[in-house]
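Novice: Single-letter residue listing:
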Amino acid sequence: MSDDTSGGVSRRKFLQVGGVAAASALTLAACSSGGGSGGNGKSGSKAISVWTWYGNQGMPNNSPLGSEFEKANPGTTVNIRTFGNTNDYSPALAAAIAAGNTPDIYAPSFSAISYGQQGVALDLRKALGDSFLSQFFQSDNDQFTSNGKQYGLGWNAQSFGLFYDPAQLSKVGVEPPETWADLIAVAPKLKAAGLIPLSMSANPSYGLSDFVAPLITQASDDPTLLLKIDAQEDGKTWNDDAVVAALDKFQSLVKGGVFGAGLLAVTYATGEQLLTTGKTAFLWDGSWVPNDLEASSPTFKYGVAQNPAWESGAKHWTGDQAGAALSVSAKSPNLDEALSFIKFIFEPARYSATLNAAQAMPATKAAAATVSNPQVKIMTSWLLDGLGAPHILYGPGSETGLSNACVAIVQGKTTPKEAAASIQATVNEALKR
Amino acid sequence: MTPRVQERAVLRPTLRGRTQAAAFVLPAVILFGMFVAYPLVSGLYYSLFQWPGYGIPQYVGLQNFINLATDPSFLMALRVTLIYTVSTTVLQTVVPMLIAIVFMQKWRGGAILRTVIFIPSVISLTITGLLWQLALQSNGGLIDTLLSDVGMGWAARPWLADSTLVVPVIIVVSLWQSLGFYLLIYYAGLQSVDPQLYEAARVDGANGLGLMWHITIPSLRTITTLVVSLNLINGLKVFDVIYAMTSGGPGNASQSLGVYLYQLAFGSENGGSPAFGYADAIGVVMMFAAALLFLAVNIVRRERLS
Numbered sequence: 001m002s003d004d005t006s007g008g009v010s011r012r013k014f015l016q017v018g019g020v021a022a023a024s025a026l027t028l029a030a031c032s033s034g035g036g037s038g039g040n041g042k043s044g045s046k047a048i049s050v051w052t053w054y055g056n057q058g059m060p061n062n063s064p065l066g067s068e069f070e071k072a073n074p075g076t077t078v079n080i081r082t083f084g085n086t087n088d089y090s091p092a093l094a095a096a097i098a099a100g101n102t103p104d105i106y107a108p109s110f111s112a113i114s115y116g117q118q119g120v121a122l123d124l125r126k127a128l129g130d131s132f133l134s135q136f137f138q139s140d141n142d143q144f145t146s147n148g149k150q151y152g153l154g155w156n157a158q159s160f161g162l163f164y165d166p167a168q169l170s171k172v173g174v175e176p177p178e179t180w181a182d183l184i185a186v187a188p189k190l191k192a193a194g195l196i197p198l199s200m201s202a203n204p205s206y207g208l209s210d211f212v213a214p215l216i217t218q219a220s221d222d223p224t225l226l227l228k229i230d231a232q233e234d235g236k237t238w239n240d241d242a243v244v245a246a247l248d249k250f251q252s253l254v255k256g257g258v259f260g261a262g263l264l265a266v267t268y269a270t271g272e273q274l275l276t277t278g279k280t281a282f283l284w285d286g287s288w289v290p291n292d293l294e295a296s297s298p299t300f301k302y303g304v305a306q307n308p309a310w311e312s313g314a315k316h317w318t319g320d321q322a323g324a325a326l327s328v329s330a331k332s333p334n335l336d337e338a339l340s341f342i343k344f345i346f347e348p349a350r351y352s353a354t355l356n357a358a359q360a361m362p363a364t365k366a367a368a369a370t371v372s373n374p375q376v377k378i379m380t381s382w383l384l385d386g387l388g389a390p391h392i393l394y395g396p397g398s399e400t401g402l403s404n405a406c407v408a409i410v411q412g413k414t415t416p417k418e419a420a421a422s423i424q425a426t427v428n429e430a431l432k433r
Numbered sequence: 001m002t003p004r005v006q007e008r009a010v011l012r013p014t015l016r017g018r019t020q021a022a023a024f025v026l027p028a029v030i031l032f033g034m035f036v037a038y039p040l041v042s043g044l045y046y047s048l049f050q051w052p053g054y055g056i057p058q059y060v061g062l063q064n065f066i067n068l069a070t071d072p073s074f075l076m077a078l079r080v081t082l083i084y085t086v087s088t089t090v091l092q093t094v095v096p097m098l099i100a101i102v103f104m105q106k107w108r109g110g111a112i113l114r115t116v117i118f119i120p121s122v123i124s125l126t127i128t129g130l131l132w133q134l135a136l137q138s139n140g141g142l143i144d145t146l147l148s149d150v151g152m153g154w155a156a157r158p159w160l161a162d163s164t165l166v167v168p169v170i171i172v173v174s175l176w177q178s179l180g181f182y183l184l185i186y187y188a189g190l191q192s193v194d195p196q197l198y199e200a201a202r203v204d205g206a207n208g209l210g211l212m213w214h215i216t217i218p219s220l221r222t223i224t225t226l227v228v229s230l231n232l233i234n235g236l237k238v239f240d241v242i243y244a245m246t247s248g249g250p251g252n253a254s255q256s257l258g259v260y261l262y263q264l265a266f267g268s269e270n271g272g273s274p275a276f277g278y279a280d281a282i283g284v285v286m287m288f289a290a291a292l293l294f295l296a297v298n299i300v301r302r303e304r305l306s
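Going down the list, the protein sequences come from chains A and B. Under my numbering, the first residue of the first sequence carries the number 1, and numbering increases by one thereafter. Under my numbering, the first residue of the second sequence carries the number 1, and numbering increases by one thereafter.
Hints may be right or wrong, so weigh each one.
Claimed, not checked - Under the rule of at most 25 Å between Cα atoms (straight-line distance), these lysine to any residue pairs were calculated in the SDA-like manner:
1. LYS432/A <-> ASN67/B
2. LYS171/A <-> LYS189/A
3. LYS191/A <-> ALA155/B
4. LYS413/A <-> ASP162/B
5. LYS279/A <-> GLY140/B
6. LYS432/A <-> GLU418/A
7. LYS432/A <-> GLN50/B
8. LYS237/B <-> ASN85/A
9. LYS331/A <-> GLN58/B
10. LYS331/A <-> GLY55/B
11. LYS191/A <-> LEU134/B
12. LYS236/A <-> PRO72/B
13. LYS432/A <-> PRO72/B
14. LYS255/A <-> ALA155/B
15. LYS191/A <-> LEU146/B
16. LYS432/A <-> TYR45/B
17. LYS432/A <-> ILE66/B
18. LYS417/A <-> MET76/B
Just so you know, the hints here were simulated from the structure itself, not pulled from any lab data. These numbers come from a predicted model, not from an experiment.
Isolated chain B (complex conformation) (with noise of 0.2 Å):
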């Protein structure tokens, strides 16, 4: 074979190799069909309708959307979404950063450390939140009891039931269950950041805070891209935890997006006719502010490498 002839033979798979390729990526591509693909294009479809999830579905075009607008319910849900959005990736991002950027300095227990931090990320968000629910109760819960026996019962307070309160803390619980997750992520990360940069900038006359600015945290750039888009993801769709906790309460004090879009189609929130079409409409909001808040951060990414 001329090697003309065989680049040709490697670039072109034969019909037999692309249908190989085929029937293994097909199973895949029927799960993703069924399980992503299927219910998104369904979802669009339904948010144009008024639907109760039974029964003849009645076309309204844009109106759940228009209505969405002006429901001060959806408008405060946005709110809470976006506070919890903004805080948690700002938190997650930060703190899991200079703590991993302290665990390389390489001191005892530091790997028992790692390992306690971690745990929680085990933990699943919905048995995280009833866990603190209990143990924020104001009678008898776990924190309050705690300040209590260390002198500090002023600091005892209605976690809870304070709408002001409800969200800052759910928001500390976020951090706390996943703080261990992103923490591995960075620390798997530093460890492929090369020394000699290291040893380069010292002889430069860099210190500490310095070679964390110029090197350590430049060199994250990639990783630290990853992380934000998964807690502005995760914040965009937060439900779980909060519903463990409050279930968007109290009030609708602490409602996310995802617990209201989950309390019209499932719960009481239209009392005996469930809400499916505008559910659906809420859901496409949410899928089109993860789609614009990705994009954003992957244009500043390309935009900052080049």
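In isolation and in its complexed conformation, chain A is listed as follows (with noise of 0.2 Å):
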């Protein structure tokens, strides 16, 4: 190589040339697809993906459901590809379904009925069978279906309960409570003990309206009452008197000081550690804590109480919806190998050692009678006799006008009429959209 051009490269050809070859290398490396649809794997295989946010609930990227797969189904291979939260997942699902490169499966957040209406996720029900699906509890049925189609399985079963330190009760005298009311009485002696009495989750803010919402079937009895409120079908709207009454009754807690200072701010993370540190009596959270408390605190001896009920004898209805789902994309390339894994990761002796493995609630009625974890397992049997309620909001606006209303109510700045007013406010804001 030589300076000049007399003949050969000359040095600054080369460098010119070298250069844009490699900014334009960058470039067209930039522009690769990062996934979603499987389609071919390696050497002609046909290739499944699966996307979601479940690495604590049984799905890490390491998965063995893949290899196990693909051990007994020569010729598929199974891409596992978890998120470590929903704000990382979210963003990028959302990008591959509008490029039209879905994954074969994928964890559906709120948006499974959506996808569905929209063809994007598959009507398991007549894929699968209503023999499949019947294995699952019907409320994550119930959730994932709109006009006889279904269009999600639960992954995860979810309930909520009052986790405690039961030396710590012992040592103050105090029992789980039945009731409300009887939360609000031990709340005075759990203060002086130097307890907060019960503490929960409300950052971000739908931690609040996972503990209103159960509140307003205990209120009617009727679990099939929010479902229509939240659909705003047959006439129900959010100021019906059963919302006014569960909004009464959380704010008889605010004001029986049953919550701490500083509520508003608590997160699921620093709800765990007021728990673990001994500072507050009872924990308000869900089934995944004793996942997360074998992570965190393995030696901390925990007991979970049911729900209080809304009076004495009074059924503990408590939320049941799948907080973890799998959906199937309508569009899938290799559909008979997406619904083929689907099937095979949800046989029953690998789904509940899967599930078990994670300390993670299943959604099926067959592993729930072989749950492991203890609490887990108290928390399960509240599904099985029945005692399950919704508590994930899906209708536009729904879950942010019920969170704001609970924070209205603990800052003392609304009733439960006017609070119930401004959700069904908020709902007609977000129908316009």
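Fit chain to chain and form the complex, with the hints in mind.
Specialist: Here it is in structure tokens:
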């Protein structure tokens, strides 16, 4: 190489061409597709992609489910991609779907029915049949069903209860309350002992929505009412008497001094911390807590009690919907393989083992009978006993409206009736979009 | 070559030269097109539609913008964003400037203190938000515990749970995080001020405050314009520190336009059906607002110069 251009390649020319080539290569690399629909795998085999954020709920990136399926089905590759959390996951899924590159199997988050109605998610009732779907808790099937079509399958069910330290309660001389009034009654004793009577996550604010939504079922004893209010069906609105009663009950807890200062800033992580550091008597939280505590505080001994009832002798209705679910892409190029994988992972023995390893609550009745973690077993039994009530809101503006109404009640800025009206106003505004 | 021909040769690049220049600029143009121009045009386009991000978009014209005008959540987010933007712009312009001027006095330990002040700037806003969220917890959080330990327990507050306190607290956290960065910019700018100006002013009888007002601050005009512009734009699009600390809560007391937009597109704000078109409309409003503010700053700067 020389500096002149009399023959051969000049150094300047080489650097120019090399620089442009390198920049172009970087640009092209940045354009490369990041995945989504599996398409074809290595050397012509079929590939299916599975996207979730269920790393702690039985489907981490290195889940053996993929390799086990590949062994049983030579010629099929399973690419499991597990995101850290919904903040990482949701934009990635939205981009993949908008690009027409929907993963073959994916966590639908709030949007299973909407995906189904727009042809993004497959009708699993038609694809898998009633017999397959009957193994799931009915509530988990209902939350993904619209007009007789089901667009999602529960991967984890959930229920909610009061977590507590038995040794601490014994020292204070308090039992887990049967009713909300019982909780209000023991609140002064717990505060005198230096404890926050009841903690829960309210940051993000939808934790409050999870708490109050089952109170609507408790007030009405009708688990279908909230579903109708959420969908604004059969003339039901958020101004319903059961909603006002539930918000009134919530206000009584606030005025009864049950919650600590700074409730509205408590996160899921700090709530668990309040329990394990002995600062709170009860933590109201969901069935994922055993898994969390196993990782963060494996030696901490705790118990779980039922969601307090509306009144003595009433049902201990508690939230029961599947927080983690799976949908199948209606446009998957390897649909048969995707459906085979679904059937594979839900085979009773395999599904039980997977969820037990993750200490997560299963969504099928058969697996519910084989739960190994004692606290998860207790919480699962509530669903088997028929105490499940809806707690996830899918209607536009519903969750935001209910959460904001609860915040206003905690801050003493509104009455239950006004709060209910504000929820309906938020929903009306959202329906315009 | 005659001087005239030489001059023309310098001023008019050859075809080969233009081709080479284009080849070097092309990758940047492609990247700009892909990651700036296309999303911008696409956002403008979809703001005219009702679209959940999948399926067939439904054209609604300017209806999204009309709905924004009466949407209480949007108006609240706009208010939060404006308060945050104005406050952080003023604080994150004036405070670093004053501290940089103090540091110019060259006293022992100045370099160490400058480094300490700069350290938070290397932490991402998301991590900053998460750290301060823990520190500001009411039960066992670092701040309230420290206040209690020094006998100032009366000052402890539910910092992130109080709707009136949450935005000021986030502003203070933002100032803590960005102070070092803007301090560095001002400090670098102060190095280039001609010392003879100060000498001449002292000869004329100017004292410390006078020197600052008549020499230092006017000399930093260009840098101040840059700092103000950066603060305005960063304020308008604030998202990560708020989302990490409060997710826009309690309620929507700290929900900025960026957080509201995110919740509409990727969160549960619109329930089971995301509102991409509506979120795009908010993005368009933010873009025009940023452009107008940037234009205003430059007009003011040019008028002052002339």
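Novice: Next step is simple, just say for each hint if it's right about the structure.
Specialist: Here is what the structure says about each hint:
1. LYS432/A <-> ASN67/B: At roughly 7 Å apart (the allowed maximum being 25 Å), ASN67/B and LYS432/A satisfy the hint.
2. LYS171/A <-> LYS189/A: 12 Å, holds
3. LYS191/A <-> ALA155/B: 21 Å, holds
4. LYS413/A <-> ASP162/B: The hint holds at about 12 Å.
5. LYS279/A <-> GLY140/B: 9 Å, holds
6. LYS432/A <-> GLU418/A: Distance ~22 Å between LYS432/A and GLU418/A Cα, so the pair holds.
7. LYS432/A <-> GLN50/B: Distance of about 10 Å is within 25 Å: holds.
8. LYS237/B <-> ASN85/A: Within the cut-off at roughly 23 Å; holds.
9. LYS331/A <-> GLN58/B: Since the Cα atoms of LYS331/A and GLN58/B sit roughly 22 Å apart, the hinted pair holds (cutoff 25 Å).
10. LYS331/A <-> GLY55/B: 12 Å, holds
11. LYS191/A <-> LEU134/B: 23 Å, holds
12. LYS236/A <-> PRO72/B: 24 Å, holds
13. LYS432/A <-> PRO72/B: Measuring from Cα to Cα gives roughly 13 Å; hence the hint holds.
14. LYS255/A <-> ALA155/B: 23 Å, holds
15. LYS191/A <-> LEU146/B: 22 Å, holds
16. LYS432/A <-> TYR45/B: It holds: about 19 Å lies between the C-alpha atoms, which stays within 25 Å.
17. LYS432/A <-> ILE66/B: 11 Å, holds
18. LYS417/A <-> MET76/B: 23 Å, holds
Violated hints for the displayed structure: none, as all numbered hints are satisfied.
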